[in-house]
Amino acid sequence: MTIWWLGCILGVMGAAAIAFIWVAVRLGSGRPGGKKTDPNYADAAEQEVEHIFSTEFREELRNRGRLHFEKIIGENAMFLQQDLRLTTSQLNDYMKTEITRKLEEEFGKYEQSITDAKQLAVDSIQKTNQAIEEQRQLMSQQLLKVIEAEKIHLTERFEQNMAEIINHYIIAAIGDQIDLSDQLEYILSELEANKQAILEDIQRGA
Amino acid sequence: MAPDQTAGLQVPALITSPSDVSRLHREVIALNEYLKQAALRSPGQAAVKLPKTSRLLDELVIDNKLNLLDATTREHLIGFLADLAEHAPIIHISFATDPSSAFLQKIVLWLRQNINASILVQVGLQPTIAIGCVLRTTNKYFDLSLRRQLTEHSAELIKDLKKADVTA
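Chain order of the listed sequences is A and B.
Count the first sequence with my numbering and you get residues 595 to 800, in order.
Count the second sequence with my numbering and you get residues 2 to 169, in order.
Treat each hint with caution, since some may be false.
[To be verified] Some chain B residues flagged as far from chain A (calculated, every beta-carbon gap over 10 Å):
{"#": "1", "residue": "L10"}
{"#": "2", "residue": "A14"}
{"#": "3", "residue": "D21"}
{"#": "4", "residue": "R24"}
{"#": "5", "residue": "R27"}
{"#": "6", "residue": "N33"}
{"#": "7", "residue": "K50"}
{"#": "8", "residue": "V62"}
{"#": "9", "residue": "E87"}
{"#": "10", "residue": "G125"}
[To be verified] Chain A regions said to be covered by chain B (calculated; three or more residues, Cβ under 8 Å):
{"#": "11", "region": "758-764"}
{"#": "12", "region": "775-782"}
[Unchecked claim] Think about it this way: if two alpha-carbon atoms lie no more than 27 Å apart in a straight line, the pair counts; the simulated BS3-like pairs of lysine-lysine are:
{"#": "13", "chain 1": "A", "residue 1": "K739", "chain 2": "B", "residue 2": "K160"}
{"#": "14", "chain 1": "B", "residue 1": "K141", "chain 2": "A", "residue 2": "K789"}
{"#": "15", "chain 1": "A", "residue 1": "K739", "chain 2": "B", "residue 2": "K164"}
{"#": "16", "chain 1": "B", "residue 1": "K107", "chain 2": "B", "residue 2": "K66"}
{"#": "17", "chain 1": "A", "residue 1": "K745", "chain 2": "B", "residue 2": "K160"}
{"#": "18", "chain 1": "B", "residue 1": "K37", "chain 2": "B", "residue 2": "K66"}
{"#": "19", "chain 1": "B", "residue 1": "K37", "chain 2": "B", "residue 2": "K53"}
{"#": "20", "chain 1": "B", "residue 1": "K107", "chain 2": "B", "residue 2": "K141"}
{"#": "21", "chain 1": "B", "residue 1": "K107", "chain 2": "A", "residue 2": "K789"}
{"#": "22", "chain 1": "A", "residue 1": "K745", "chain 2": "B", "residue 2": "K163"}
{"#": "23", "chain 1": "A", "residue 1": "K745", "chain 2": "B", "residue 2": "K164"}
{"#": "24", "chain 1": "B", "residue 1": "K66", "chain 2": "B", "residue 2": "K50"}
{"#": "25", "chain 1": "B", "residue 1": "K37", "chain 2": "B", "residue 2": "K50"}
{"#": "26", "chain 1": "B", "residue 1": "K163", "chain 2": "A", "residue 2": "K739"}
{"#": "27", "chain 1": "A", "residue 1": "K696", "chain 2": "A", "residue 2": "K712"}
{"#": "28", "chain 1": "A", "residue 1": "K703", "chain 2": "A", "residue 2": "K690"}
Read the hints as simulated data drawn from the structure, not as lab findings.
None of the values given here were measured: they were computed from a predicted structure.
Ideal placement from N, C-alpha and C gives every residue a C-beta, glycine not left out.
Chain A extracted, bound-state conformation (with noise of 0.2 Å):
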């Protein structure tokens, strides 16, 4: 549409620029030293033209065609100045309608990037506490499986050196206050209980 108006509009301007020339030339071509024609008629029609178009009527169609010009000039610049407005201000408009739409497209993509971008790291951190989870209860029951292992295997050697673990506790508890005179009559009875093996080898000899 705009397009358009400025063609129309460049067409008057060239179609009054055409008739502008045109009359110069045709008001150029009436002077003296034209066309030759029979002297007689060339003579009287130059005596003709003299007198019809003098001096004075050729200035005043001059200025009349200055004046007409200037006028059409001014129409058409005026036409052309409130086209260019027009065509400015529609300019301006699609441009902010453009500029607009584009950056909108613009922020849409963008905004669809960065809603992908946080999709994907949303994605990637489920997928990270997925994958720690699971490593999490992998490592809890292999911890579980350590310390039952650990846990057997200490109530075992518990189990195997309970004794000497009972008989350092005893050491370290009451070890001090133990009076071997106390234990004369278990060493002594433990003494009668072997008597008879400590006989024989003290019998046999080396």
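Add chain B to chain A, keeping to what the hints say.
Only chain B this time, still in chain A's reference frame:
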């Protein structure tokens, strides 16, 4: 004193270890030498003062009613102590702490009454024993300590502990 006076000698409970016997042996030899030298002296000289004897020798002499002024008795006693040091059965007993002399005498007395009349004892220390003793003869090792008792009854103890754990 008859030559066979030392044949049935009793070893006092005070004499417990081979080192006691060796010490006695050396002491009797020294005494014998001293008395021999004294016998060689001419009569009328200054009176000879006997050397002071140890408590172990006193016990041995009193318990067996020996006369050490008799040279034959001394010779036989020397022979007896040498034979004792060489052939007496020796056992090694370890206790948690150093036993008192009275305590050791009771142990030695029991051993001499029940195992062998001339048995000698070497005493050792094992602080890890806690209660009881560890006895080592020539070929055997007898753990008479509380540790052995605990080890023997560990199954019952574990059962009781598990029962207590379940109850808790």
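Taking the earlier hints as the rules, which of them does this structure contradict? none
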